[in-house]
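**Q** Chain residues, written in single-letter form:
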Amino acid sequence: MSVWKDICSTDDLQPDSGVCALVESKQVAIFFLVKEQAVYAIHNYDPIGKANVLSRGMIGDIKGEPVVASPLYKQHFSLKTGICLEDETIAVPAYPIRIANGRVEIQVSTVGIAKGSAYEGAGA
Amino acid sequence: MTKKQSLVVIGNGMVGQNFLASLVASHCKDNYHITTFCEEPRAAYDRVHLSAFFSGKTAADLTLVDDGFFASNGITIHLGDKADHIDRNNKTVTSAKGITIAYDVLVLATGSYPFVPPVPGHDRQNCLVYRTIEDLEAMANAAKSSKVGVVVGGGLLGLEAAKALTDLGLETHVVEFAPRLMAVQLDESGGAMLRRKVEALGLQVHTGKNTTLITDGAQCVNKMCFADGEELETDIVLFSAGIRPRDDIARACGLEVGPRGGIVIDNQCKTSDPAIYAIGECALWNGMIYGLVAPGYAMARTVVADLAGEQASFTGADMSTKLKLMGVDVASIGDAHAKSQGSLVYTYQNGASEVYKRLVVSQDKKQLLGAVLVGEVSGYGTLLQYCLNGIELPENPDSLILPHRSDESVGLGPDALPMSAQICSCYDVTKGAICQAIEAGCTSIGALKAETKASTGCGGCSALLKSVMDCELLKHGIEVNTDICEHFPHTRQDLYNLVVVEQIKTFDELLDKHGKGRGCEICKPAIGSILASYWNEYVLANEHLGLQDTNDTFLANMQKDGTYSVVPRITGGEISPDMLIALGQVGKKYKLYTKITGGQRVDLFGARVDQLPHIWKELIDAGFESGHAYGKSLRTVKSCVGSTWCRYGIDDSVGLAIELENRYKGLRSPHKIKFAVSGCTRECAEAQGKDVGVIATENGWNLYVCGNGGMKPRHADLFATGLDKETLIKYIDRFLIFYVRTAARLQRTSVWMENMEGGLDYLKGVVIDDKLGLCEQLEQQMEHVIDTYQCEWKTTIEDENKLKRFRHFINSDQPDDNVVFVEERGQIRPADDDERKHFKMMEVA
Numbered sequence: 001m002s003v004w005k006d007i008c009s010t011d012d013l014q015p016d017s018g019v020c021a022l023v024e025s026k027q028v029a030i031f032f033l034v035k036e037q038a039v040y041a042i043h044n045y046d047p048i049g050k051a052n053v054l055s056r057g058m059i060g061d062i063k064g065e066p067v068v069a070s071p072l073y074k075q076h077f078s079l080k081t082g083i084c085l086e087d088e089t090i091a092v093p094a095y096p097i098r099i100a101n102g103r104v105e106i107q108v109s110t111v112g113i114a115k116g117s118a119y120e121g122a123g124a
Numbered sequence: 001m002t003k004k005q006s007l008v009v010i011g012n013g014m015v016g017q018n019f020l021a022s023l024v025a026s027h028c029k030d031n032y033h034i035t036t037f038c039e040e041p042r043a044a045y046d047r048v049h050l051s052a053f054f055s056g057k058t059a060a061d062l063t064l065v066d067d068g069f070f071a072s073n074g075i076t077i078h079l080g081d082k083a084d085h086i087d088r089n090n091k092t093v094t095s096a097k098g099i100t101i102a103y104d105v106l107v108l109a110t111g112s113y114p115f116v117p118p119v120p121g122h123d124r125q126n127c128l129v130y131r132t133i134e135d136l137e138a139m140a141n142a143a144k145s146s147k148v149g150v151v152v153g154g155g156l157l158g159l160e161a162a163k164a165l166t167d168l169g170l171e172t173h174v175v176e177f178a179p180r181l182m183a184v185q186l187d188e189s190g191g192a193m194l195r196r197k198v199e200a201l202g203l204q205v206h207t208g209k210n211t212t213l214i215t216d217g218a219q220c221v222n223k224m225c226f227a228d229g230e231e232l233e234t235d236i237v238l239f240s241a242g243i244r245p246r247d248d249i250a251r252a253c254g255l256e257v258g259p260r261g262g263i264v265i266d267n268q269c270k271t272s273d274p275a276i277y278a279i280g281e282c283a284l285w286n287g288m289i290y291g292l293v294a295p296g297y298a299m300a301r302t303v304v305a306d307l308a309g310e311q312a313s314f315t316g317a318d319m320s321t322k323l324k325l326m327g328v329d330v331a332s333i334g335d336a337h338a339k340s341q342g343s344l345v346y347t348y349q350n351g352a353s354e355v356y357k358r359l360v361v362s363q364d365k366k367q368l369l370g371a372v373l374v375g376e377v378s379g380y381g382t383l384l385q386y387c388l389n390g391i392e393l394p395e396n397p398d399s400l401i402l403p404h405r406s407d408e409s410v411g412l413g414p415d416a417l418p419m420s421a422q423i424c425s426c427y428d429v430t431k432g433a434i435c436q437a438i439e440a441g442c443t444s445i446g447a448l449k450a451e452t453k454a455s456t457g458c459g460g461c462s463a464l465l466k467s468v469m470d471c472e473l474l475k476h477g478i479e480v481n482t483d484i485c486e487h488f489p490h491t492r493q494d495l496y497n498l499v500v501v502e503q504i505k506t507f508d509e510l511l512d513k514h515g516k517g518r519g520c521e522i523c524k525p526a527i528g529s530i531l532a533s534y535w536n537e538y539v540l541a542n543e544h545l546g547l548q549d550t551n552d553t554f555l556a557n558m559q560k561d562g563t564y565s566v567v568p569r570i571t572g573g574e575i576s577p578d579m580l581i582a583l584g585q586v587g588k589k590y591k592l593y594t595k596i597t598g599g600q601r602v603d604l605f606g607a608r609v610d611q612l613p614h615i616w617k618e619l620i621d622a623g624f625e626s627g628h629a630y631g632k633s634l635r636t637v638k639s640c641v642g643s644t645w646c647r648y649g650i651d652d653s654v655g656l657a658i659e660l661e662n663r664y665k666g667l668r669s670p671h672k673i674k675f676a677v678s679g680c681t682r683e684c685a686e687a688q689g690k691d692v693g694v695i696a697t698e699n700g701w702n703l704y705v706c707g708n709g710g711m712k713p714r715h716a717d718l719f720a721t722g723l724d725k726e727t728l729i730k731y732i733d734r735f736l737i738f739y740v741r742t743a744a745r746l747q748r749t750s751v752w753m754e755n756m757e758g759g760l761d762y763l764k765g766v767v768i769d770d771k772l773g774l775c776e777q778l779e780q781q782m783e784h785v786i787d788t789y790q791c792e793w794k795t796t797i798e799d800e801n802k803l804k805r806f807r808h809f810i811n812s813d814q815p816d817d818n819v820v821f822v823e824e825r826g827q828i829r830p831a832d833d834d835e836r837k838h839f840k841m842m843e844v845a
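So the protein sequences, as listed, match chains Z and W.
Using our numbering, the first residue of the first sequence is number 1, and each one after it goes up by one.
Using our numbering, the first residue of the second sequence is number 1, and each one after it goes up by one.
Calculated directly from the structure, the hints in this document are not laboratory data.
Any given hint could be a false lead.
Unchecked claim - One-sided and incomplete, this derived list gives chain Z residues near chain W with beta-carbon spacing under 7 angstroms: (1) D11; (2) P15; (3) V19; (4) C20; (5) L22; (6) P47; (7) R56; (8) A69; (9) Y73; (10) Q75; (11) A91; (12) P93.
Quick caveat, the model's predicted, so the values are computed rather than measured.
Quick reminder that beta carbons are idealized off the backbone N, C-alpha and C, glycines included.
Construct all of the structure, not just a fragment, from the sequences and the given hints.
**A** Structure representation (structure tokens):
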């Protein structure tokens with residue numbers, strides 16, 4: 001069963017950047033887009049660079065798709081699906097995430113590639 | 001496999017070397033054992049730019065031979081050993097030192113010697129010639145105790161030599177037998193205009209003078225007496241009255257020579273003995289000696305092609321020239337004297353601006369036969385193409401030399417040139433070759449230069465090359481997309497200007513006004529860098545945080561396993577034992593891997609993100625500050641120990657390096673910037689491989705710019721010489737900000753320079769002569785950057801909020817369990833995959 005797990009306060013997030021949370025022994029990269037007030041969560045492990053670094057990558061969009069660029073070798077991973085844009089056979093898990101009452105909540109029991117559900121719009 | 005033949009080249013001058021280089025690049029090089037004799041003590045160097053020797057270039061700068069060229073190509077060179085005689089019966093060459101080499105093929109590239117008129121007294125003290133580096137050294141030596149110098153000969157070389165004497169600080173005269181300067185290339189009015197211009201520069205010109213005697217002077221070492229009874233006192237007499245082919249070795253073995261000298265060759269450059277070729281200034285083709293380097297190179301290519309069994313002929317060469325003589329632009333094309341039958345002449349003379357232009361056209365006004373340009377030579381490329389390719393002239397040919405004061409375009413579009421048109425004469429690159437390179441994907445000037453070598457010789461064709469490229473790209477419908485990325489339809493330079501003009505302070509503001517989407521890892525750091533260069537605000541301020549690459553975000557350099565390396569600033573590479581101990585203690589305490597960098601500082605590896613603030617707290621307490629190794633910014637100013645300790649040091653290189661590093665530290669730029677300062681010309685700091693290099697000389701500091709090591713090394717260009725410190729710093733201020741303003745994203749200064757229209761001269765114009773009127777602004781901006789410098793690490797560790805970022809987990813104090821080290825040579829290193837697995841198994845067990 002999936003349950004929403006409380007992670008941290010929204011104040012702990014970094015504007016237009018990422019942080020990493022430890023959620024049930026998984027490393028989860030959480031990204032916060034200020035303008036859209038959107039949050040995204042994918043696994044922190046870069047399968048190409050083989051290091052836990054994705055939360056430290058730069059975020060942006062490629063043709064509208066929100067992405068993070070790995071800080072090691074710059075491949076793009078979709079923030080919604082975790083799929084690598086340069087090689088679609090590679091993906092990292094993506095997790096449902098939301099903001100509720102100023103708190104960041106995540107579901108991590110989803111196995112494999114989650115469909116992903118970005119939380120968009122404050123207070124919804 | 002057939003046995004290799006022996007190929008011997010006599011002479012390692014410009015043409016001899018060009019022949020060797022062409023030969024080893026051809027597929028027939030494996031057919032030959034190659035031997036060459038070089039009379040001079042050093043291998044080939046650039047005689048065309050000999051006068052540069054007196055404006056700061058060294059013999060090493062002038063060399064035309066790549067390091068290891070002879071060894072790596074299996075060529076035996078006998079330096080300082082002159083070929084003495086040829087035995088054609090036994091096919092051997094014997095040198096002055098007694099070495100005898102058998103040849104199957106012999107190439108004579110013996111060049112020429114300066115003609116010294118047989119005037120009584122021509123061999124007196126301080127009567128010199130201008131041909132080799134040894135001649136230059138003799139000149140420099142003689143100049144030390146001299147005040148006046150006279151050049152005999154007012155031709156191309158004579159005026160070059162006059163420039164050298166002027167550079168040596170002498171009162172300089174030119175004495176010419178003909179009634180005008182450059183009599184071969186210029187008509188009377190052109191010569192007169194050139195004379196006015198060089199006289200304005202301080203040169204004293206005497207034409208129509210026939211020297212009859214050189215004897216003892218009263219005030220000077222020598223006195224020259226002329227046929228008209230006048231006299232001229234001078235310390236140095238420098239003969240530059242033309243050249244004569246060196247054909248004595250050919251004469252002695254019975255090869256055919258011309259009545260006035262020169263080894264007779266046919267269209268394949270073969271002499272009267274089919275086993276012997278002659279090329280360059282020693283060769284006489286069709287009754288002509290070619291005293292320019294380009295025809296010599298053409299002959300060299302012909303011989304290589306002939307040896308390779310290809311059809312090739314030397315069929316004469318164009319003698320058109322364009323050059324800068326003592327700062328005056330002069331060009332001559334084809335039949336400058338209108339000797340062709342029925343030719344018509346147009347002239348344009350502008351006394352106020354001292355410009356003179358002359359066109360020689362055919363009787364039907366359809367063909368350009370020749371031209372003379374003095375003072376303004378921008379039309380040279382177009383006119384030369386009309387002349388060489390027989391392109392039909394426009395209805396009013398004079399429109400080509402009249403100044404155009406409206407928008408009318410009278411130039412020859414590159415589209416009108418045939419594919420065979422030679423664009424670069426130094427490397428014989430045709431328009432066809434350039435078009436081919438463009439089709440193969442070269443779409444920038446830099447790429448074209450690298451691929452075709454066009455415009456890498458004298459650089460005279462750079463404007464033409466650019467217009468050919470632009471025209472071809474347009475024709476192919478290749479719109480060169482210079483947008484920085486999909487979010488901004490602008491180049492980095494455009495974005496910089498938008499920030500300045502609209503006084504934009506944040507990425508979001510720029511994105512709202514001029515971009516779309518959210519941005520990406522291309523535009524964000526580029527704009528972050530622009531904002532930092534211009535406003536110089538704290539890079540981790542909330543509105544800038546998301547713009548920084550991971551290295552800038554954590555003010556450290558990410559390594560392959562996600563840990564960071566830490567590099568404190570060690571200005572000029574100078575560090576006290578106490579500071580070194582403090583650094584060692586930090587490294588020891590946090591178990592970091594330590595290594596000395598190429599930039600004379602210490603790199604500490606293996607720091608986890610959560611350790612960085614602790615490490616920096618200790619470093620700052622010990623007196624260190626950020627080294628900006630993570631940023632696209634000034635890295636290091638390397639130095640040698642300089643005059644403080646070194647026996648050879650001329651000036652305090654360490655002191656200057658520290659001052660420069662402190663001045664420019666923290667400056668964000670399009671890419672990283674490296675400096676070096678050497679205390680003498682031994683150049684131990686390798687300043688000529690840096691973006692900015694400074695070398696101490698007896699006369700002050702010499703400034704070099706746009707050098708690079710790394711993937712594509714580039715030797716820095718000598719930018720200015722003999723500077724005092726104040727001027728040096730002013731030039732560097734202007735240079736750096738001009739680079740920051742105008743370079744493309746991630747463009748090092750070397751590539752920036754390669755792609756700059758007008759190249760080094762243009763940059764000098766902007767920085768030294770202030771021809772864009774920008775210098776005050778550039779200096780002000782640099783002052784702003786210097787005044788607002790902060791150590792980013794100091795600011796960061798003082799801000800609780802910023803330190804929140806330096807944890808691996810936002811919700812836990814655990815470190816990253818994927819970071820695993822093993823030991824090697826007494827220090828840590830990241831574990832490899834196998835070691836990591838082993839480690840995990842141990843943990844489980």
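**Q** It remains to establish, for every hint, whether it holds in the given structure.
**A** Here's how the hints hold up against the structure:
Proximity of D11(Z) to chain W is violated relative to the hint, the smallest CB-CB distance being about 9 angstroms (cut-off 7 angstroms). Proximity of P15(Z) to chain W holds as hinted, the smallest CB-CB distance being about 6 angstroms (cut-off 7 angstroms). The interface hint given for V19(Z) is met, as the beta carbon of that residue sits about 4 angstroms from the closest beta carbon of chain W, less than 7 angstroms. A least Cβ separation of about 6 angstroms between C20(Z) and chain W falls short of the 7 angstroms threshold, and the interface hint therefore holds.
Given the 7 angstroms rule on beta carbons, the hint for L22(Z) holds: about 4 angstroms separates it from the nearest Cβ of chain W. Checking P47(Z) against chain W by beta carbon gives a least distance of about 12 angstroms; that is not within 7 angstroms, so the hint is violated. At its closest, the beta carbon of R56(Z) sits 5 angstroms from a beta carbon of chain W; the interface hint therefore holds under the 7 angstroms criterion. Against a cut-off of 7 angstroms between C-beta atoms, the interface hint on A69(Z) holds, since the closest Cβ of chain W lies about 4 angstroms away.
With a least beta-carbon distance of about 10 angstroms to chain W, the hint placing Y73(Z) at the interface is violated under the 7 angstroms criterion. Because the beta carbon of Q75(Z) sits about 11 angstroms from the nearest beta carbon in chain W, more than 7 angstroms, this interface hint is broken. Hint status for A91(Z) relative to chain W: violated, with the closest Cβ pair at about 19 angstroms, above 7 angstroms. Interface hint status for P93(Z): violated, as the beta-carbon distance to the closest one in chain W is roughly 16 angstroms, over 7 angstroms.
Consistency note: the structure conflicts with the earlier hints numbered 1, 6, 9, 10, 11 and 12.
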